[in-house]
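S.K.: Here is what each chain is made of, one letter per residue.
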Amino acid sequence: MKTFEIAALVGGNLVGNGELEITHGADLADACSLSLAFSVGDASVETDAGCVLAKAGSAVAAPAVIYVDDPRLAFSIVCEILHPPKRLDPAIHPTAVISPTVKIGDGVFIGAHVTIGEGSVIGDDCQIRPGSQIGDNVTIGSGSILSSNVIIGDGCTLGSNVVLHAGVVIGTDGFGFARDKDRYVKFPQIGTVMIEDDVEIGANTCIDRGALGETRIGEGTKIDNLVQIAHNVKIGKRVVIAGQSGIAGSSVIEDDVVIAGQVGISDHVTIKQGAVIGAKSAVFPNKIVRPGFWTGIPVQRSADYLKQAALLRNLEELRSEIARLRRSGQS
Amino acid sequence: MKTFEIAALVGGNLVGNGELEITHGADLADACSLSLAFSVGDASVETDAGCVLAKAGSAVAAPAVIYVDDPRLAFSIVCEILHPPKRLDPAIHPTAVISPTVKIGDGVFIGAHVTIGEGSVIGDDCQIRPGSQIGDNVTIGSGSILSSNVIIGDGCTLGSNVVLHAGVVIGTDGFGFARDKDRYVKFPQIGTVMIEDDVEIGANTCIDRGALGETRIGEGTKIDNLVQIAHNVKIGKRVVIAGQSGIAGSSVIEDDVVIAGQVGISDHVTIKQGAVIGAKSAVFPNKIVRPGFWTGIPVQRSADYLKQAALLRNLEELRSEIARLRRSGQS
Amino acid sequence: MKTFEIAALVGGNLVGNGELEITHGADLADACSLSLAFSVGDASVETDAGCVLAKAGSAVAAPAVIYVDDPRLAFSIVCEILHPPKRLDPAIHPTAVISPTVKIGDGVFIGAHVTIGEGSVIGDDCQIRPGSQIGDNVTIGSGSILSSNVIIGDGCTLGSNVVLHAGVVIGTDGFGFARDKDRYVKFPQIGTVMIEDDVEIGANTCIDRGALGETRIGEGTKIDNLVQIAHNVKIGKRVVIAGQSGIAGSSVIEDDVVIAGQVGISDHVTIKQGAVIGAKSAVFPNKIVRPGFWTGIPVQRSADYLKQAALLRNLEELRSEIARLRRSGQS
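Residue numbers (the numbering used here), protein chains in the order written: chain Y, 2 to 332; chain Z, 2 to 332; chain B, 2 to 332.
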């Protein structure tokens with residue numbers, strides 16, 4: 002891309018050479034004359050980058066500087082074009098084992114050692130990498146990418162442009178049992194999973210099928226590695242869930258919620274639109290979490306959490322104070 | 002199943018039509034005339050279900066109502082018959098790579114891209130789904146189901162009717178090292194794993210082999226997704242362990258323990274029969290946890306935990322009180 | 002090995018028969034005359050082991066006793082020889098799908114259902130077990146072992162004698178997005194992963210590629226199962242990270258740090274050389290953690306944590322004391 006094209010794409014104000022050729026994104030520190038980099042702060046920047054995205058008013062010495070409101074966002078938008086996800090040429094590897102009843106769209110890549118079960122439908126331009134195992138009656142929308150060793154259970158549905166990273170498991174049985182005298186009887190886990198368009202799910206994350214109904218992940222939601230999503234969870238649109246968090250059965254995560262890493266959400270919880278849950282927090286069963294920032298085990302408003310943490314740090318002083326009061330009362 | 006058969010199976014009291022044909026289990030809300038549903042509360046129920054399992058005394062309008070003590074358990078028992086786990090017809094896929102020394106029972110399904118190493122024994126009626134990798138000298142009891150991409154290390158033993166979901170790893174090396182001057186020397190991880198009958202293990206859960214002895218999972222125990230069981234852990238019968246919990250080396254979990262999600266059990270801990278550990282709790286090394294409900298980091302009796310949590314919420318008030326006392330003492 | 006050879010290897014003081022043949026390591030309780038066992042305490046030991054490693058001064062009755070400073074370390078050193086990791090004879094399974102541009106060293110084993118992409122280099126004596134999927138332009142140093150169903154993304158580099166257990170994912174995309182009005186734009190995840198020599202990584206652990214630069218795991222570092230290492234994390238040499246811990250983006254873990262299980266390290270944290278982080282702890286963003294023992298959410302020095310925990314246990318007493326003071330003040 003030429004620098005003037007980049008400026009036009011991000012709606013930025015270009016200062017310097019508009020005809021420079023840019024081939025890739027890079028950090029300011031590792032950049033060369035063919036690099037696009039970005040600067041988020043106000044500090045003056047030294048870099049070898051050919052082009053830098055920066056906030057208005059920042060002092061950047063580079064052959065081309067493009068001023069934008071949100072340099073990191075602008076950088077991401079340009080890199081969507083400079084670094085599109087890898088797409089292998091359409092082909093079906095001869096070692097793939099595909100039921101004759103599978104419908105495969107145009108432009109699809111299916112790698113080695115893949116299996117696809119009866120009645121499944123693979124949309125146009127999908128990429129299914131080596132070792133992925135797709136069950137029966139699975140539907141995958143166009144443009145979706147399954148990385149290596151992804152597993153999709155029977156009857157699950159993926160929208161378009163879904164990205165599943167290595168080792169993701171979609172549609173495994175939920176965890177539900179009823180206690181009989183001397184054994185656990187399995188509660189039926191016969192529902193499905195529905196993953197809407199533009200969802201991205203990180204490596205080795207597990208998403209259980211609904212027990213009777215469905216588990217749903219809303220459009221544009223992004224989930225990190227090693228996350229657990231239990232049966233019948235409903236996740237809204239544009240939700241972000243960081244690594245190693247877990248959401249127990251039947252909880253509802255509304256649109257635009259942000260959940261940091263290692264968070265635990267118990268069952269039958271509702272997290273309302275606009276709530277942000279801090280790292281390592283826990284929400285216990287049946288709670289409703291309202292908009293705002295929440296932290297702690299169990300979560301409280303982050304302002305309250307910080308106040309309480311400060312009180313805790315002063316607990317010893319409090320105890321000393323009481324001892325002093327007691328002594329002065331006795332004297 | 003006919004409704005009179007369902008009533009007989011669960012020992013319930015049938016009111017209404019005993020000859021209705023029921024084909025599947027469903028939620029009250031999604032049910033149709035062919036559905037069995039269940040109601041746990043006392044509220045009056047509106048549903049299109051043909052048959053409802055309910056507690057004596059609840060007001061349910063349906064063509065057939067079966068009154069039982071535990072409707073959810075009864076529903077689960079009926080659904081074991083209506084919705085048995087999927088079993089593919091016996092076959093060995095030509096892409097499976099099976100050592101000639103493997104003994105395979107009757108009625109076994111082995112899917113595509115499976116490997117089975119030397120000297121392993123696969124019992125009757127096992128189902129081994131695509132992409133599973135089974136090592137040498139593994140023994141799998143009859144009727145067990147390995148979902149896709151399951152991995153079983155050399156020398157491990159599974160009982161009968163064991164269910165391993167996608168991506169489960171059994172018999173990986175435990176995590177033990179001895180520090181030498183400038184490096185870690187691996188402590189030998191040469192033991193085994195023994196999984197008893199009727200155990201079910203969730204997706205991407207890992208169970209380490211014993212360092213020198215064995216890691217054991219007792220009969221009828223149920224383990225959720227993304228759980229970590231370290232070397233030499235002994236888990237009793239009918240234990241329940243929810244998602245993302247972890248149990249460190251050599252700990253003992255006695256029969257009928259319940260461990261909620263994201264719990265951490267350190268090494269050399271004993272959890273006594275009848276203990277229940279709340280979500281996100283931690284048990285630190287060498288502790289013995291007695292029967293009852295336990296919560297917190299580290300765990301305390303749940304009643305104490307709740308009392309302490311209430312005190313914590315009042316910490317600011319306590320501080321104000323002390324300030325008042327000090328002022329009144331000075332006046 | 003003869004017992005005199007064992008004594009020489011570990012530099013110990015042999016008492017008893019130096020010509021005994023020892024075939025394997027075992028626990029004191031399970032040992033036989035061909036076993037090497039070890040005793041860490043001072044208590045007198047009863048065992049059937051042919052040879053016992055023990056601390057000077059301990060009363061051990063065995064045909065051969067070897068006195069050493071660190072019996073567990075000495076046992077580990079001997080077991081490195083008695084129980085070397087399994088190495089299958091060099092061979093490339095016919096079902097492996099290997100790009101013609103891959104360079105494969107001498108003595109390499111490549112199992113069934115493996116794929117290796119364009120331009121990758123597999124060093125001498127590597128073992129790549131069934132179902133592993135290796136991308137393009139991956140370099141693996143000599144003597145490395147990839148267990149079953151391991152996934153290595155394009156362009157990642159492994160040193161020599163690296164051990165990756167089953168289901169490990171190296172080089173998956175990091176979790177970074179920039180919020181546009183009504184969607185998340187992916188921040189580019191186009192960096193790499195560099196795993197240095199002698200690193201061992203546990204089952205189903207995920208290591209993200211750098212966003213723009215690299216994620217690096219230093220020489221001799223040991224990582225347990227189900228751990229999450231985010232993009233651009235730099236881990237030093239001889240670091241130990243136990244199960245289910247997670248390290249968020251761009252954090253730096255210096256040499257010789259020890260991180261226990263279920264720990265969360267937020268982004269842009271530095272853990273200084275010599276720090277030990279206790280189980281279930283959390284380090285919040287941008288912190289620097291200095292040498293010493295740290296525990297809690299968020300971490301504090303373990304001595305402070307224990308003091309605070311004791312104060313918390315006395316919180317009710319504190320409250321009663323205040324009530325008494327108030328009453329006595331009013332009287």
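Hints are computed from structural coordinates only; laboratory data are not their basis.
Be a bit skeptical, because a hint or two may be false.
Put simply, identical chains are the same to the list, so a pair is met inside one copy or across any two.
[Unchecked claim] Here are the simulated DSSO-like cross-link-like pairs (lysine-lysine), alpha carbons at most 27 angstroms apart as the crow flies: (1) K308 with K235; (2) K87 with K104; (3) K288 with K308; (4) K238 with K288; (5) K308 with K3; (6) K56 with K104; (7) K87 with K288; (8) K308 with K87; (9) K273 with K288; (10) K3 with K104; (11) K56 with K87; (12) K3 with K182; (13) K288 with K235; (14) K3 with K238.
S.K.: Take the hints in turn and mark each one as holding or not.
M.R.: Here is how each hint holds up against the structure:
1. Proximity of K308 to K235 under the C-alpha cut-off of 27 angstroms is found in neither arrangement, the shortest distances being 33 angstroms within a copy and 33 angstroms between copies.
2. Taking the shortest Cα distances, K87 and K104 sit within 27 angstroms of each other both inside one copy (23 angstroms) and across copies (23 angstroms).
3. In this homomeric assembly, K288 and K308 come within 27 angstroms of each other (Cα to Cα) both inside a single copy, at 22 angstroms, and across copies, at 19 angstroms.
4. For a Cα distance limit of 27 angstroms, the shortest separation of K238 from K288 inside one copy, 21 angstroms, qualifies, whereas the shortest one across copies, 32 angstroms, does not.
5. For the identical chains of this complex, K308 and K3 are neighbours neither inside a copy (51 angstroms) nor across copies (62 angstroms), given an alpha-carbon limit of 27 angstroms.
6. In the homo-oligomer, the alpha carbons of K56 and K104 never lie at most 27 angstroms apart, since the shortest distance is 49 angstroms inside one protomer and 47 angstroms across protomers.
7. For the identical chains of this complex, K87 and K288 are neighbours neither inside a copy (42 angstroms) nor across copies (36 angstroms), given an alpha-carbon limit of 27 angstroms.
8. Proximity of K308 to K87 under the C-alpha cut-off of 27 angstroms is found in neither arrangement, the shortest distances being 48 angstroms within a copy and 54 angstroms between copies.
9. Taking CA atoms no more than 27 angstroms apart as the test, K273 paired with K288 passes inside one copy only; the shortest distance there is 11 angstroms, against 30 angstroms between copies.
10. Taking the closest pair of Cα atoms, K3 and K104 never come within 27 angstroms of each other, the shortest separation being 41 angstroms inside a single copy and 38 angstroms across copies.
11. For the homomeric pair K56 and K87, neither the shortest alpha-carbon distance inside one copy (31 angstroms) nor that between copies (57 angstroms) is at most 27 angstroms.
12. When the C-alpha separation of K3 and K182 is checked against a cutoff of 27 angstroms, the pair qualifies only between copies, where the shortest distance is 25 angstroms, while the shortest distance within a copy is 72 angstroms.
13. Taking the shortest Cα distances, K288 and K235 sit within 27 angstroms of each other inside one copy (15 angstroms), while across copies they are farther apart (35 angstroms).
14. Taking the shortest Cα distances, K3 and K238 never come within 27 angstroms of each other, neither inside one copy (34 angstroms) nor across copies (42 angstroms).
The structure fails hints 1, 5, 6, 7, 8, 10, 11 and 14 (numbered hints given earlier, in ascending order).
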